[in-house]
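Protein chains: 2
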Amino acid sequence: MSNLPDINQDFAAWYQEVVYKAELADHSPVRGCIVIRPYGTAIWEMIKARLDERIKATGHHNALFPLLIPQSFLTKEAEHVEGFSPELAVVTHAGGKELEEPLVVRPTSETMIHFMFAQWIRSWRDLPMKINQWANVMRWEMRTRPFLRTSEFYWQEGHTAHETQEEAEAEARMMLAEYVDLAENYLAIPVIPGVKSEQEKFPGADKTHTFEGLMPDGKALQMGTSHLISQNFAKAFDMHYQNREGGRSYPYLTSWGVTTRLVGALVMVHGDQKGLVLPPRIAPIQVVIIPIFKKGTENSLLLDAVHTLAASLRSLYRVEVDDRDYETPGAKFYAWELKGVPVRIEIGPRDLEKQSAVLVERLHGTKQVVPFENIKSALTIMLDALQQQLFIRAQEKQKTLWYHKTSLSEFSDRLKNQGGLYQVGWCRSKECEDSLKEFGAGIRCLLESRGASQCFKCGAASEGDILVAKAY
Amino acid sequence: MSNLPDINQDFAAWYQEVVYKAELADHSPVRGCIVIRPYGTAIWEMIKARLDERIKATGHHNALFPLLIPQSFLTKEAEHVEGFSPELAVVTHAGGKELEEPLVVRPTSETMIHFMFAQWIRSWRDLPMKINQWANVMRWEMRTRPFLRTSEFYWQEGHTAHETQEEAEAEARMMLAEYVDLAENYLAIPVIPGVKSEQEKFPGADKTHTFEGLMPDGKALQMGTSHLISQNFAKAFDMHYQNREGGRSYPYLTSWGVTTRLVGALVMVHGDQKGLVLPPRIAPIQVVIIPIFKKGTENSLLLDAVHTLAASLRSLYRVEVDDRDYETPGAKFYAWELKGVPVRIEIGPRDLEKQSAVLVERLHGTKQVVPFENIKSALTIMLDALQQQLFIRAQEKQKTLWYHKTSLSEFSDRLKNQGGLYQVGWCRSKECEDSLKEFGAGIRCLLESRGASQCFKCGAASEGDILVAKAY
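Protein sequences appear in the order of chains A and B. The letter at position 267 of the first sequence is residue 266 when you use numbering that gives the first Met the number 0, and the numbering goes up by one with no holes. The letter at position 189 of the second sequence is residue 188 when you use numbering that gives the first Met the number 0, and the numbering goes up by one with no holes.
Worth flagging that the hints you see were computed from the coordinates, not collected in a lab. You can take every hint at face value.
Note: identical chains are not told apart, hence a pair may lie in one copy or across any two.
Calculated cross-link-like contacts (lysine-lysine; reagent style PhoX-like; alpha-carbon spacing at most 25 Å):
#1 K129 to K47
#2 K20 to K331
#3 K331 to K55
#4 K20 to K129
#5 K436 to K404
#6 K331 to K375
#7 K129 to K331
#8 K55 to K20
#9 K415 to K396
Please take these sequences and the hints and turn them into a complete structure.
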C-alpha cells in the first residue's frame, strides 16, 4: 500500500513521514527550522488567500513592521517579557560592529506595533485602528515538529485598538468566528471555541479566546488564538489619545493570529494510510489527470485529449496533468494519493475511443466512468461531497473521543493512555488545574456551557465547564 | 498648494516628505528599518500580485526557506562572502544560550537554497528546478532612505537550476523581460535593460542582467537584477546529479529579484508638487468618490447615491468613498491628491439632481461632467489614458536626459552637477571605469548597441556602448 508507518500503531512517526514524503516540508540545516517546499507553500498560500480576503472584508489593513525589536521593548510589559524571554533569538552584531542595544528577532509584534500605534492614535477619530501583518516570527523551541512547533514559523498577526472594552471584545470574538469559519468550512476541521485559563492565556492578555481541534491520536491542537490585550500595554507605550469629551484616554487592544500550524492540522485530521487527504476547497491541486499510455503506440492523440480536457476544466478547478512518460500509471497513482489530491482522472486509449474517463475519489477510492461532456458536473458533485464528508468524518471522530465526566479518578487512566477530550466542571483554582500535569494533560479551554456541578478535582462548586486533554 | 518641499529645488527632501505624508511608510525605532504603512503595503501587494502571477505562469513554484543561515554557509563561495560580510546582522544567542555557530539574518538566500538544491537534484529529470521565495532580507546599511535603501527590505528571490548554460542564460533573460514588462506596462516606468560591469555584478555571479530607471533628478535607479550564477556555487555545495549519459554533472544556476525599492521608483518617477501620482494599473485605490455635503441639509439621499455608485463601480475598479463629515471637501481633495489616486469623483446635491458627477483626473487636474450612466465608460477611458500618459511623460523625460557623448571631458561637469544618462564607448578596463568615481558616478550597464568607437576615458577602441550615470 504505502511505505508510511502504520497510522494506527505510530501516529507520530506516520505524521513526520507523510510531511516529508508528500514534499510538504524538508529538514533544514538550521536547528528547529524547516524548509516549506512548494507543495506545503501552495497549501499555506490557499489558506492565506482565503483568510486575507476575510481580514480585509472585515475592515483591516495589512502593514509591515520591522523583523527586529529593541530588547528593551519587550521588558515594558512585565508578563510579556517573562513569557517570551526564554525563547528569543538575539542579534548582537550588525554591520561588523557590536550593537549598543541587542535586537531580538520578533517572537510576536505587540511591542513594536503598540509603539507605532502610540504615534498614530492621536484622537478618537483615529479609532478603531485595525492592522494585520503577514510575517515570519521566531521562538527558539527545544522540541520541534514540522508545522506544529518550529523555531521559525509563518503567521498573520492582527492588532487593533478601540475606544471601548466592549468594542475590543467584539473584535476579538469576530476574528475568532472568522477562524472557526476557516477551520470548519475550508479546512473541514471541526473545532471547539473557548477561553484559556489564567495560566494558559497569552503573556500580557486579559483574556485569550482559543479554538481547539482534536487530532486522531486523542490529543488536542490549539489552532489559533484571539486576545483581549491588557491595558497595561497601552499604558506602557503611552498610547493616549484625545477622547470624544476632549479628555485623555487609552485605547483597548486586541491581537489575534493563526500560523502555518494549520497545515499540520490538515495533515493530521484528514490523512490516512496512503498519505494526505486534502479538502477540495483548500487543495492546491483538486484534480490530477493521468493519461494511461499504451506501450508501442503513438500517444499523441491521447496527450492532446488530456490537455484539451485539462484546459476546459481550468476555469472551474485547479488541475494538473501528469504526462511523465518514464513513470508507470501505478507509480503516479501512488504519488498523487500520497499528496492527497481529491480526484484523479484516468484516461487510456479505450476511454478515448468511448469519449469517457474514469474519475477516482481520493478518500474512498470510489471509481466512476463519466462521458467527457459530463466531467464538469460530475467533478462538482464529487468535490462538494468530499468536502462535506471530510468534515463529517472528523466530527464523528471528535464525538467518539469527547467524554462527559464528573471526577478525575474516573478518567485519568484513559486520559493518560488514550487521550481524548474530557468535559468536566472546575472550581477555577490553580491547584486543581495543576493536578492534570502528572497525566501530561491540561485545561484546553473554558466552555460557555455549565453542565457539571462540581470541580473535577476537589469536588467544590464548578464555575462552568472546561475541556481537559493532552495537547500538541 | 501643498506643504511638500519644492520638487524642483530639493527633490531629495520632497521624496522623504511625500513618503511620510502620503502614509506610505513611517520611521521605526530600529536603525535603518522602516514601517511600511497600509497604503505602502497595498501598493507592494499590487506589485506582488502581478509579479507572482507571472512567476507562476512561467513555471516557477514558491517555497519558504529559513530566515537564518549558518555563518559558515556564506564562506563557501569566496566572492559571495566578501560581498556581503560587512552588511550582515548576526544572531549569536538564542533560547537563552550562546550559539555554537552564529547565524546570520539572510542578506539573500543563494547559500541556503543551493544547500537544499543539492539534496533535491539527483537526476537530470529533476531539472530544471525553478523556485521563488517572497521574503524579508537584511543588509545593514549606513545611509538609508525609505524604500530605496533600508536595512530590512522585502523582495522576491527566484533561484533556478538547469542542465545547460544556454538554458540558464535564457531563464535569466526571460525573467529580466518579465521585470521590464512589469516596470513599463504596470508601473509606467520606462527602463533600460543591460548587463553590469565585472566590478558591479552580484558577488558570485558570472553575469548580472539589470534594468535601470532614470529618476527626475537625473540619477539612475537599479530597479532589479537577474543573475547567471557562477558554477562555483554548484560545486561549493556539491550539487552534482546524474546526467542523461549516466555521468556526473553540476547544474547551471540563476537568481533574480526585485524589491520594495520599486515603490520608491513609483513615487519618484510620477510624483509632482501635490504628491504621488499612481499609475491606474497599480493604484490600490483607482477612484475616490467624495460627496459634497451642503450645510444644514439632510444629506442621506446624497450618501445613498454615492454608495450606490461606488457599489456599481466596484466590479470594474478599486473604489473608495470618503464620506467623513468632519472634513471639508477641500481638505479631502488635498489628501487624496497627496495619495495619488488617479481619479476623483465629486457629487454634490445639484449634481445629484442632474444625475451627473464631476470626474477629476489627478495628473492634469482636468474636470469632466459625466451623467451617472456614462461614468463606467468615462472612467475606463480616463484611466487608460492616464496609464499611457504617465509612461510617455516619463519616457520623454528620460530622452531629454539621455546624452550620446564621446569623451568624459565633454560631459563630466554636467554629469557631476545635473546628473543624466551618458551613452559612451568603453575599453572595458577597470581604470577607466574607476575614473567616474570622482564625479560620484559609475557605469550603470553595458548596452547591446555599439554606437561609439572609442573609450570615453582613454580613447582606446570601445568594445560596446555603456551608460554612465550617478545612481541611488
